[in-house]
Structure formats: structure tokens, C-alpha cells
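**Q** Here is how the chains run, residue by residue.
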Amino acid sequence: MSTTVISESSNNSLHPITAQLVGAASALGGSITIICPGGIGATDAAQISGVSKVISVEGGCFNTYDCIAWSESLSPLVKDDLILSSSSAMGRELISSIAATKGVPVVQDVTNLAEGLLVTRSIYSGKAIEEVRISSPCAISLRTNSFEAAGGGGSAEITTVNVSRDITVAVKQALTKAGERLDVSEADIIISGGRGMGEPSNFSHLYEVADALGAAVGASRAAVDTWDDIPHSMQVGQTGKTVTPNLYIAVGISGAIQHLAGMRSSKYILAINKDPEAPIFSVADYGIVATWEEALPVLKDQLSEILSS
Amino acid sequence: MGVAVLLKQVPDTTAKISVTGGRVDESSITKWSISPYDEYALENAIKLKESGYGDVVVITCGPARASKCLTEAAAVGADKLIHVVTESGSLDSIQIQALLSAAVKESSCDVVMCGKQAADTNSGSTGPGVASALGYSCVGAVTEVSIEGNVISATRLGPLGLEEVEVETPCVFTFDKGDTELRRPNVRGIMMAKKKPIDSLTSDDLGVDTSNSMVSVESHSSPPEKPPGQKFVGAESVPAVVNMLRNDANVI
Ligand SMILES: Cc1cc2nc3c(=O)[nH]c(=O)nc-3n(C[C@H](O)[C@H](O)[C@H](O)COP(=O)(O)OP(=O)(O)OC[C@H]3O[C@@H](n4cnc5c(N)ncnc54)[C@H](O)[C@@H]3O)c2cc1C
Ligand SMILES: Nc1ncnc2c1ncn2[C@@H]1O[C@H](COP(=O)(O)O)[C@@H](O)[C@H]1O
Chain A
1 MSTTVISESS
11 NNSLHPITAQ
21 LVGAASALGG
31 SITIICPGGI
41 GATDAAQISG
51 VSKVISVEGG
61 CFNTYDCIAW
71 SESLSPLVKD
81 DLILSSSSAM
91 GRELISSIAA
101 TKGVPVVQDV
111 TNLAEGLLVT
121 RSIYSGKAIE
131 EVRISSPCAI
141 SLRTNSFEAA
151 GGGGSAEITT
161 VNVSRDITVA
171 VKQALTKAGE
181 RLDVSEADII
191 ISGGRGMGEP
201 SNFSHLYEVA
211 DALGAAVGAS
221 RAAVDTWDDI
231 PHSMQVGQTG
241 KTVTPNLYIA
251 VGISGAIQHL
261 AGMRSSKYIL
271 AINKDPEAPI
281 FSVADYGIVA
291 TWEEALPVLK
301 DQLSEILSS
Chain B
310 MGVAVLLKQV
320 PDTTAKISVT
330 GGRVDESSIT
340 KWSISPYDEY
350 ALENAIKLKE
360 SGYGDVVVIT
370 CGPARASKCL
380 TEAAAVGADK
390 LIHVVTESGS
400 LDSIQIQALL
410 SAAVKESSCD
420 VVMCGKQAAD
430 TNSGSTGPGV
440 ASALGYSCVG
450 AVTEVSIEGN
460 VISATRLGPL
470 GLEEVEVETP
480 CVFTFDKGDT
490 ELRRPNVRGI
500 MMAKKKPIDS
510 LTSDDLGVDT
520 SNSMVSVESH
530 SSPPEKPPGQ
540 KFVGAESVPA
550 VVNMLRNDAN
560 VI
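Here the protein sequences come in this chain order: A and B. Numbered according to my numbering, the first sequence spans residues 1 to 309. Numbered according to my numbering, the second sequence spans residues 310 to 561.
These are calculated hints, taken from the structure and not from any lab test. Note that this is a predicted model, so its numbers are computed, not measured. Do not rely on the hints blindly, as some may be mistaken.
[Claimed, not checked] Here are the simulated lysine to aspartate or glutamate pairs, DMTMM-like style, with alpha carbons at most 20 Å apart:
id: 1; chain 1: A; residue 1: K274; chain 2: A; residue 2: E305
id: 2; chain 1: A; residue 1: K267; chain 2: A; residue 2: E294
id: 3; chain 1: B; residue 1: K540; chain 2: A; residue 2: E186
id: 4; chain 1: A; residue 1: K172; chain 2: B; residue 2: E396
id: 5; chain 1: B; residue 1: K377; chain 2: B; residue 2: E335
id: 6; chain 1: A; residue 1: K241; chain 2: B; residue 2: E477
id: 7; chain 1: B; residue 1: K340; chain 2: B; residue 2: D388
id: 8; chain 1: B; residue 1: K505; chain 2: B; residue 2: E352
id: 9; chain 1: B; residue 1: K356; chain 2: B; residue 2: E477
id: 10; chain 1: B; residue 1: K414; chain 2: B; residue 2: D508
id: 11; chain 1: B; residue 1: K358; chain 2: B; residue 2: E453
id: 12; chain 1: A; residue 1: K172; chain 2: B; residue 2: E457
id: 13; chain 1: A; residue 1: K241; chain 2: B; residue 2: E335
id: 14; chain 1: B; residue 1: K356; chain 2: B; residue 2: E534
id: 15; chain 1: A; residue 1: K102; chain 2: B; residue 2: D508
id: 16; chain 1: B; residue 1: K325; chain 2: A; residue 2: E130
id: 17; chain 1: A; residue 1: K274; chain 2: A; residue 2: E294
id: 18; chain 1: B; residue 1: K535; chain 2: A; residue 2: E294
id: 19; chain 1: A; residue 1: K267; chain 2: B; residue 2: D557
id: 20; chain 1: B; residue 1: K540; chain 2: A; residue 2: E130
id: 21; chain 1: B; residue 1: K540; chain 2: A; residue 2: E277
id: 22; chain 1: A; residue 1: K241; chain 2: B; residue 2: D518
id: 23; chain 1: A; residue 1: K274; chain 2: B; residue 2: E545
id: 24; chain 1: B; residue 1: K356; chain 2: B; residue 2: E453
id: 25; chain 1: B; residue 1: K356; chain 2: B; residue 2: E396
id: 26; chain 1: B; residue 1: K389; chain 2: B; residue 2: D514
id: 27; chain 1: B; residue 1: K540; chain 2: A; residue 2: E293
id: 28; chain 1: A; residue 1: K241; chain 2: B; residue 2: D429
id: 29; chain 1: B; residue 1: K377; chain 2: B; residue 2: D429
id: 30; chain 1: A; residue 1: K172; chain 2: B; residue 2: D321
id: 31; chain 1: A; residue 1: K241; chain 2: A; residue 2: E186
id: 32; chain 1: B; residue 1: K535; chain 2: B; residue 2: D557
id: 33; chain 1: A; residue 1: K267; chain 2: B; residue 2: E534
id: 34; chain 1: A; residue 1: K267; chain 2: A; residue 2: D81
id: 35; chain 1: A; residue 1: K241; chain 2: A; residue 2: D225
id: 36; chain 1: A; residue 1: K300; chain 2: B; residue 2: E545
id: 37; chain 1: A; residue 1: K172; chain 2: B; residue 2: E534
id: 38; chain 1: A; residue 1: K172; chain 2: B; residue 2: E473
id: 39; chain 1: B; residue 1: K535; chain 2: A; residue 2: E130
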């Protein structure tokens with residue numbers, strides 16, 4: 001089976017999930033083509049091992065994000081039976097639209113992919129796991145950190161294609177800037193605060209730990225709803241973002257079912273909560289019963305000690 | 310003119326999901342609700358109507374029980390109710406999108422609002438898929454809209470952060486949770502809604518072939534039980550935990 005991978009970018013460079021998409025495709029065999037919207041990261045994509053071809057797609061429509069304009073520019077370049085993308089918000093939208101344009105089914109946020117096209121995904125916000133058989137041609141988005149990344153050392157040929165599709169969605173103004181802080185959906189480590197943080201200004205303690213770890217800062221819905229300074233983009237959970245980092249640190253978060261829905265598939269979970277009965281402890285690999293006022297300073301000290309040594 | 314809202318009925322977020330014989334046991338689900346993001350789609354559609362933009366047509370595709378979410382929507386102000394009656398499960402994304410697109414065409418609405426992701430599938434495929442099928446524009450992860458003529462301004466969470474965008478109709482908007490307060494039905498609304506007729510359509514009525522799904526469920530299972538974690542008391546345990554995160558879990 002040959003595969004087209006739609007590359008993912010962040011901050012104008014290739015996002016590491018792209019190598020994971022290639023890793024998943026390699027396990028199925030066949031040739032692998034990477035399509036880079038806006039040409040972003042094409043040189044890096046060509047160096048991923050196992051890639052046969054990179055198509056760098058350039059055109060004015062890639063200056064802002066317009067799902068339909070992008071998918072109509074990319075769809076004609078997709079020639080393979082399997083289309084893969086990341087399951088980021090943009091990855092999902094784009095692959096849905098490409099799949100619809102091509103008339104093929106799409107399955108999202110897959111965590112395991114096997115031959116015969118047997119795929120595994122979680123449904124009902126992680127309350128059940130579904131295994132589905134999907135006949136190709138088809139489109140599949142993959143969850144971050146679920147597949148082994150392909151290595152480097154490749155030297156695929158890069159072809160540049162120019163497209164001239166107009167956008168229909170015009171950006172009038174940026175209301176907040178992303179990118180100053182790592183987004184929770186992109187981070188390997190996340191530290192989230194809940195209502196137990198007491199005041200939004202206390203999130204500064206979370207930022208200090210995050211800076212030491214290279215982590216993103218998230219929040220519970222109670223924190224987002226109660227404090228204007230904590231934007232919805234930080235919310236983890238059923239009505240926020242679903243995240244699967246290697247480490248999720250929950251501070252002053254009770255662990256309501258809707259919060260767990262967004263983070264329970266994290267590889268490791270550390271919970272800090274003063275209430276020994278808090279439900280968050282039922283999903284935590286490591287639980288510390290303490291107030292954040294006591295625990296976070298020690299955590300900061302420990303981290304600066306080991307990370308500087 | 311008019312706004313079509315796609316409403317999906319899903320198990321309430323508090324519902325327990327149990328698996329028997331390799332399938333999720335739907336009969337054990339006691340409470341079904343409108344998928345949370347769809348409620349924001351509905352609220353914004355009603356706001357658009359209040360600012361003078363056509364009727365609100367709510368559309369659901371699902372088994373008989375799903376008609377309840379149409380009546381709930383009518384109680385807060387939806388004008389027309391369309392139920393595309395199907396058996397639950399088994400339809401692939403192409404088929405669902407074909408049914409919903411055909412129903413939107415039937416309603417002749419040029420604005421479509423839906424959730425950015427349904428709480429059962431957690432997919433996020435339907436909005437952009439329906440837009441592509443209908444040849445409409447698409448704006449995702451929207452929290453607010455306002456209209457002037459045929460130009461709609463929307464606040465969306467784009468890849469570069471929160472943005473204000475403009476788009477001409479026809480367009481599909483997928484909704485995220487925003488600051489918008491959801492309205493609750495009053496007694497009069499609930500009484501009126503009970504009498505509101507529901508237009509029931511089948512896949513045959515809409516001319517959509519639903520016989521060959523390209524996606525079939527092999528099995529459902531409960532998520533693997535995590536081995537119980539380790540619990541420590543007091544901030545003095547932090548160094549030991551950091552040590553384990555570094556040396557056992559290898560995550561820092
Ligand atoms: C449809 C729907 C969707 C929802 N979606 C989401 C969602 O996406 N994400 C989400 O998070 N929630 C969501 N919720 C809300 C959810 O049900 C909870 O209300 C919310 O998660 C609670 O947030 P919290 O844990 O921060 O606050 P609380 O439940 O108030 O918990 C605060 C915790 O902090 C602890 N604490 C207090 N002081 C300290 C201290 N000094 N040190 C350490 N610990 C302390 C307390 O022991 C307590 O456990 C949703 C609800 C509904 C109905
Ligand atoms: N069967 C359905 N009936 C009505 N609306 C639906 C249906 N399936 C999906 N939708 C809409 O599309 C959104 C995204 O669904 P999904 O692609 O399944 O995540 C939902 O939030 C609904 O607004």
C-alpha cells in the first residue's frame with residue numbers, strides 16, 4: 001500500500017508528528033509521499049528515512065488558514081490509497097475535507113494501525129476503545145505520540161508545485177497570539193492548574209515549572225470559566241483539548257470525568273492535590289497529597305537541580 | 310437563506326459506557342443529550358436569527374430516540390425540525406455527510422452550524438466534510454458569529470491563535486465552546502415544542518445509498534485498567550517522585 005502523508009507544521013517548521021506519520025506508514029510498506037502545505041518544512045521532510053518523494057505546495061492561499069482552499073489545492077496531488085495526517089485540530093479538518101473531496105471515508109485520532117487496515121481509536125471521550133476495519137482508499141488521522149517516529153538520514157526528491165486557489169476565509173485581525181507559549185496540544189509534558197490554584201496569578205508557579213521542563217501549561221474548565229486571564233485555548237477535557245503527552249501534571253484539579261476525558265490517555269500522570277480522596281488520584285501513576293503551596297517550590301528546586309546537572 | 314444546525318444525540322457526558330459481547334451496550338445508557346459543542350452551534354444560530362437572518366432548521370441523523378434533541382432545540386427557538394431516520398452505527402463518514410448534506414439542501418439553508426467534534430465519535434470530520442460535499446466555505450473552531458448582508462464575521466481558534474475572520478455565505482461553521490451563555494427553555498417554549506411537527510426523511514427520500522459502509526466495527530472494549538498508581542503524602546515526597554519520573558518513567 002502506498003501512502004500520502006500530509007505534513008504538520010508549527011511555528012514555520014516541521015512538527016515532530018510528521019516523522020511519526022512516516023513511521024506508521026513505513027510499517028505498512030509501499031512508497032511514501034509527503035505533501036507540505038505552503039512548502040513549510042519540505043527540506044526536513046525529505047530527510048526523514050523511508051520517504052520516496054516530497055511535494056512542496058506553494059501559493060498565496062497558504063498565508064492564512066482556509067480549510068477548503070487548502071484541501072482543494074492539495075487533493076489533486078494525492079494519488080495514493082492511504083492518506084495520513086496528524087489529529088491536531090487543523091489536521092483533522094484538512095483530512096476530512098480532502099477525504100470528502102476524494103469520496104473516501106475518514107477515521108480520526110487513531111492510536112494503532114495494522115494491515116488489513118485495522119485501526120484502533122478511543123470513543124466516548126476515552127470511555128471505550130473501538131477497533132474498526134476500513135477498506136482503502138481511505139484517510140486516517142493519527143494521534144500524537146502513539147507511533148514510533150521514522151529516523152533521519154533520508155534524501156527524498158523534492159518537487160515544488162504552485163497552486164493559485166483563492167481563499168474565501170479572510171483573517172481580519174489576530175485577537176490573541178499563539179506561539180508565545182507552547183500549546184498543550186503540541187507538548188510532550190503538560191502542567192495544568194485547576195480551581196485549587198486559588199487565583200489566576202498563582203499560575204505563575206506553574207509557568208516556572210513549565211519553563212524548567214519545556215512544558216506547556218493547561219487548565220481545568222473551572223479555572224478557565226472562573227478567571228478571564230486563563231484562556232479557553234488552555235482548557236483540557238471534554239470541551240477543551242484532548243492531550244496525550246508523555247507526562248501530565250495536574251495541580252489543584254479534582255479530576256471530574258470531563259477533565260479525565262481529555263487527559264487520561266497521557267503516558268504518565270502526576271497529581272498534586274490536598275484532598276486524598278480527589279478522583280484525580282484514581283488515574284494518577286504518581287499522587288502527592290499536599291497543597292501546591294507546599295509542593296511546587298520543592299518541585300521547582302528538584303527540577304533545577306537535576307536538569308542543570 | 311436560513312441557518313441549518315446539525316445536532317447529534319450522544320450519551321450524556323456523565324453516562325457510564327459499558328461493553329458486553331464486544332460491543333458498547335447502548336441499551337444500558339440511561340441519558341441521551343445533544344452533543345455539548347452542538348449546543349453552542351444552536352445558540353449561535355438562534356442569535357443569528359434574532360439579528361434577522363432567516364429561520365433556524367435543526368437536522369439530526371439517527372435512530373428514533375434522536376428526535377428528542379430536535380424537540381429540545383425547538384423549545385429554545387428552532388423553527389423547523391428534520392429527522393433523517395437511520396439505524397444507529399455502521400454508516401461511514403461519506404454516508405453520514407451525504408445524508409446531512411442532502412438534508413441541508415432540502416432545507417435550502419446557506420449557513421450550516423455544527424459541533425467541532427461529537428462527544429461519541431470524537432472525530433471532527435462532519436463539518437469540513439459537509440462543506441466539501443456542498444461546495445460551501447468552512448470555518449472551524451468558532452466561538453462567535455455576527456452577520457452583515459452576506460458577510461459573516463467569526464471568532465475562531467486558528468493555528469495562530471484566536472482570530473477574527475470574514476467569510477461570505479454559503480459557509481459551514483464548526484463550533485467550539487465559547488463564553489456564550491446557553492439559553493434554557495421556558496415552560497411556554499417546552500409546550501410549543503411538543504406540538505412542533507418533525508419532518509422525517511429516510512435515506513431513500515434523500516437519494517443516498519447507505520448499503521455499503523466502507524468502515525465496519527470489529528470490536529469495542531473497555532479502556533485498559535491502569536495499574537493502581539503510587540500515592541505519597543506531603544511535599545517531602547516530591548524528590549522521590551521526581552526521581553521516579555526521571556529514572557523509572559524516563560519522562561523528564
Ligand atoms: C458538558 C460538560 C463539559 C465539561 N468539560 C470540561 C472540560 O473540558 N474540562 C474540564 O476540566 N472540566 C470540564 N467540565 C467541568 C467539570 O465537570 C468540573 O467542574 C471541572 O473539571 C472542575 O475543575 P477543577 O478540578 O479545577 O475544580 P474543582 O472541582 O473545584 O477542584 C479543585 C481541586 O483543587 C484542590 N485544591 C484546593 N486547594 C488546593 C491547594 N491549595 N493545593 C492543592 N490542591 C488544592 C481541591 O481538593 C479540589 O480537588 C465540564 C462539565 C460539563 C457538564
Ligand atoms: N448523525 C448526525 N446527526 C446530526 N449531526 C451530526 C451527526 N453526526 C455528526 N453531526 C454534526 O457534526 C459534528 C461533528 O461530528 P463528528 O464528525 O462525528 O465528530 C457534530 O458535533 C454534529 O454537529
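**Q** Work down the list of hints and note, for each, if the structure agrees.
**A** Against the structure, the hints:
1. K274(A) <-> E305(A): Violated: K274(A) and E305(A) sit about 25 Å apart, past 20 Å.
2. K267(A) <-> E294(A): Violated, at roughly 26 Å.
3. K540(B) <-> E186(A): 28 Å, violated
4. K172(A) <-> E396(B): Violated. K172(A) to E396(B) sits at ~43 Å, over the 20 Å cutoff.
5. K377(B) <-> E335(B): Holds, at roughly 16 Å.
6. K241(A) <-> E477(B): 29 Å, violated
7. K340(B) <-> D388(B): 25 Å, violated
8. K505(B) <-> E352(B): Cα-Cα ~19 Å, so holds.
9. K356(B) <-> E477(B): Within the cut-off at roughly 18 Å; holds.
10. K414(B) <-> D508(B): Judged against 20 Å, a Cα distance of about 14 Å means the pair holds.
11. K358(B) <-> E453(B): With a Cα-Cα distance of about 14 Å, the restraint between K358(B) and E453(B) holds, given a limit of 20 Å.
12. K172(A) <-> E457(B): 15 Å, holds
13. K241(A) <-> E335(B): Judged against 20 Å, a Cα distance of about 26 Å means the pair is violated.
14. K356(B) <-> E534(B): 44 Å, violated
15. K102(A) <-> D508(B): 31 Å, violated
16. K325(B) <-> E130(A): It holds: about 16 Å lies between the C-alpha atoms, which stays within 20 Å.
17. K274(A) <-> E294(A): 10 Å, holds
18. K535(B) <-> E294(A): Distance of about 28 Å is beyond 20 Å: violated.
19. K267(A) <-> D557(B): 13 Å, holds
20. K540(B) <-> E130(A): Given pair K540(B), E130(A) is violated - Cα atoms ~31 Å apart, limit 20 Å.
21. K540(B) <-> E277(A): 11 Å, holds
22. K241(A) <-> D518(B): Roughly 35 Å separates the two Cα atoms, so the pair is violated.
23. K274(A) <-> E545(B): 14 Å, holds
24. K356(B) <-> E453(B): This hinted pair holds, its Cα atoms lying about 10 Å apart.
25. K356(B) <-> E396(B): 32 Å, violated
26. K389(B) <-> D514(B): This hinted pair holds, its Cα atoms lying about 18 Å apart.
27. K540(B) <-> E293(A): Satisfied, since the Cα-Cα distance of roughly 18 Å is no more than 20 Å.
28. K241(A) <-> D429(B): Given pair K241(A), D429(B) holds - Cα atoms ~15 Å apart, limit 20 Å.
29. K377(B) <-> D429(B): Within the cut-off at roughly 17 Å; holds.
30. K172(A) <-> D321(B): Judged against 20 Å, a Cα distance of about 37 Å means the pair is violated.
31. K241(A) <-> E186(A): Roughly 11 Å between the alpha carbons, so the hint for K241(A) and E186(A) holds.
32. K535(B) <-> D557(B): Distance ~16 Å between K535(B) and D557(B) Cα, so the pair holds.
33. K267(A) <-> E534(B): The given pair, whose Cα atoms are some 13 Å apart, holds under the 20 Å limit.
34. K267(A) <-> D81(A): 32 Å, violated
35. K241(A) <-> D225(A): Since the Cα atoms of K241(A) and D225(A) sit roughly 15 Å apart, the hinted pair holds (cutoff 20 Å).
36. K300(A) <-> E545(B): 13 Å, holds
37. K172(A) <-> E534(B): This hinted pair is violated, its Cα atoms lying about 48 Å apart.
38. K172(A) <-> E473(B): Between K172(A) and E473(B) the Cα gap is close to 5 Å, so the pair holds against 20 Å.
39. K535(B) <-> E130(A): 18 Å, holds
Checked against the numbered hints given earlier, the structure breaks hints 1, 2, 3, 4, 6, 7, 13, 14, 15, 18, 20, 22, 25, 30, 34 and 37 and satisfies all the rest.
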